[in-house]
Amino acid sequence: MTAIDTTHTQKHHDEGSYLDHRGLGFWGTIWDWASTVDHKKIGVMYLFAVLTMFFIGGVAGLAVRAELWEPMRTAEDGTTTGVLLNFGTPVQDPDTGEWIRSYDISPGQAGNTYNRTFTLHGAVMIFMFIVPAIPAALGNFFLPIMIGAKDVAFPKLNLFSWYVYVFGSLFGVIGLILGGADTGWTFYTPYSIQTDADYWRVTLMVLAAFILGFSSILTGLNFIVTTHKLRAPGMGWFDMPLFVWATYATSIIQVLATPVIGITLLLLIFERVFRIGIFDASMGGDPVLYQHFFWFYSHPVVYVMILHGIGIISELLTVHGRKHIFGYRAIAFSSLGIAGVSFLIWGHHLFAAMSPIAAMVFSALTFIVAVPTAIKVFNWIATLYKSSIAINTPMLYGLGFLFLFSIGGLTGLPLATLSTDLHLHDSYFVVAHFHYVMMGGTVIAFLGGLHHWWPKMFGRMYNEKAAMLGFALVFIGFNVTFFTQFFLGTQGMPRRYASYVDDFQTLHQISTVGSWILAIGLFIHLFTFLHSLFAGPKAPPNLWGGLSLEWEAESPPCAHNFHHEPLIKHGPYDYESVVPPHCSEEDFPLPKQRS
Amino acid sequence: MMQEVAAAAPDPLAAIKNPDLSLVQDSSAAQHLGGLVEKIFFRTGGQNPVAVNTDGLFLMIFWFSVFFFILLMALMVYWVIKYRRRPGVPAEPSPSHNGPLEILWTVVPSSAMILMFIFGFDGYMHKVVAPTNAIQLNVTGFKWDWKIKYPGGEQTTYRTSLGTKKGGVKIFVIPEDTPIKLVMTSNDVVHSFWVPDFRTKMDLYPNRFSTYTFHTEKLEPDELYRDHWIFCAEYCGNSHSEMYGIFRVVPRSDYNDVLNDWNAGSMTPVQMGEMLYKSNCISCHTTDGSPNIGPSWKNLFGYERAISGGTTVLADENYVLESVWYPTKKIAAGYEGQTMTNFSGILDQDQVAAIVAYMKTLSDKGGAPEGESTGGEDAGTNEEPMQDSTGG
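Keeping their order, the protein sequence lines are chains U and R. Here the first sequence stands for residues 1 to 595, where the numbers follow our numbering. Here the second sequence stands for residues 1 to 392, where the numbers follow our numbering.
Don't read these hints as lab results, they were simulated from the structure. There's no promise every hint is true.
[To be verified] Not the full set, but computed from the structure, chain U residues with beta-carbon under 7 Å of chain R:
1. H324
2. A353
3. S355
4. L413
The structure presented is a predicted model; accordingly, all values stated were derived computationally and were not measured. A virtual CB, placed ideally from N, CA and C, is assigned to each residue, including glycine.
Kindly produce the complete structure, drawing on both the sequences and the hints.
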């Protein structure tokens, strides 16, 4: 039995927990959070920041889909129709002197606002939301607790990483207020060198991404050292929950890959500001070099996004299925394997820009990463066999992940295949594929993790029925939005188009309606969570019956996570033989022993 | 003065020049192309060998995916229902490993991956290696239009209006049942030349040539022509989504007639200038004063024009040459934030002079119009001799 003092009950709600701010007053509380080195508070601050970024990026995404409801048309006399987003600069008409919108002078401008909007959507979602989300919010909160530690290895560095994130985001927000960039989140050269030549906007956005990278690197470093050094006595590597393995693999990629994008973005800034010529063909530089540098990071980073989500899924299916994971070591090692192979396959983002030999090599390597990923899915499904499945929101998200991530992964196959990729590259098929893996994978896992750990983090339970309704709308809305886009892609719809030929309108409209359903589902979750913070019932310490160490701590945990250093007497998935902490055998019966 | 040539007989190419699009999915030819699933994915089945091969491989991967997806999801749903939690009932013990199963589910996907890779590589090589008898088309992409030079130096003069941008969309005529090789480059940023019906694209870069090849389809006996969309598939700025083109596949005999129709022959500077305008400038500049991405050429030449920074400049030959070769040196007032493509190295002085001759016909201050049949740069009597102010 673990040596947790069970006499600490939840008599006063936040009393004694990390959220307890009695006696501090308003400014005292602000200072307490601003200067905290407590990984839990830092994780919560990251959580609210990334959710805010998700909201901003999401609004931009809704705007993008709304623009695509109707194609833009320009009549011979210059009048344009079908333009929804136009925040073009007001200019004076040279002939009449009256103030009009810039796109009324030059219809080409009509696409410009759209281009800035999809750039905003991509840049905010990638750099400010999805890369930090699971690691910095949930990873920060739960990694130390799951290994029985008081905090991460370098708590002050953790706080510093948070401020680097804030600082970098500030640059991004300033750039956006000044009008943002119209380069796409990938900043491909030569366009990103030439556009907005007399403004600083592109440089500010690139600088923001550069600064944010340091937050990732330092957080990753912190997590690696924490995992190596701060495990409680008795917890070997193979006694760790799979979420910890996932955090570890994610952190390795973050530390190794992020410096490459940092240097690349710095070179891009120097190119714009000092005209060094490295990516500029007219000065002897090479635009394709930029793409190789960029994707050398940006491919591994998608595994940062998904590996951590995968760690959450392993927790959801085991806790809510009350069963051990099938193939623990397979999942642990395949995470590391995927992390390693992810560095070899970046070229599949630019098959249309390379020689046949390079294309052949990258295609072959890309197929390698599909195998461990598929194996994980098989392991999870096998985990469901002879389990005891509670149908609640976290489990629904876990099952939803299996559905959506499978589609995402399978649709990667025609993209890894060279001859089909030459058709599908830069089409809506790719847009659908990456939304299925990034949103249908990572975001679904993130939402599942939030619903799973919210009661632990805040000591409050949310309204389960509302949450399930939110899940239903998110799941349905997501599929309506993005499944149609596979067909748009195969039929010939290119990406980053503000307008299109008439043939595509029906599918675009269906996709846009889906985005509204998805948005409603997400808003339901937002309101459900907020409501729980103010008026939700208190959550018991282990309402799901989980076995990993966070379920031994209180809800919310006390300042140092545990009152006594935990003794590790069982594995994180020993559901067949251990009654969960704070729970009774009546509620969580054990199977009869096999003779 | 340009004299009208009275048409004695109907134009034999009138049908080919027809601006109405004939997209195969709207025609009877589409009916026997491909099955239901192909139609759902691609609108019609593949029309040429490369498309058929690509579709076949795509569908192979699709059915493979469908099979395993349904299998996995069926198991998932079945087990969620069968093993749903019942109060007081524990989960039964179950193994955490199964060697034979795990080996099976490693070997089967791996084998499938190897097959997909091999077929994909093979199909890809057929797309990038052209047969020696292929007709080579030199493609140039620039913001925001395409230019294709045919083997004899011809360029299309056919356009269709799609209501997508000023100046319409170019129609590039190609012969049926013929291998075609595209050799492509960009004048400015990265573009990508995608023909969805041919299931292939390649990126265009300013510092290299890229290539791919396809074999055009055989038309049905009663088909006059068949059209295929060309889309730019690499984000390139404001009018990325207006950068359309049309490949029009025509019978072999008509193809040669079309090339003759396009052939420059002997042209006056004004005619040459108008042709160059339509190939290079029309996507951004109008000639009638109506607004577009760049300033209209109506009443441009010979006038003082306002440039950003508050000063004015006389729009003479050197202004035009400087604007064409070094567009960022002076930006017209009201057009700040637009970046004109740099044409130095693409249009030489002779060609710019022809453009100037054409511009003069569009301006009240253009002076006496150029002579009809005298070649050369016969400047009007009230113009100053052109000075080279651009100096290297």
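Tested hints:
{"no.": "1", "hint": "H324", "result": "holds (5 Å)"}
{"no.": "2", "hint": "A353", "result": "holds (4 Å)"}
{"no.": "3", "hint": "S355", "result": "violated (9 Å)"}
{"no.": "4", "hint": "L413", "result": "holds (5 Å)"}
Going down the numbered hints, you'll see the structure goes against just number 3.
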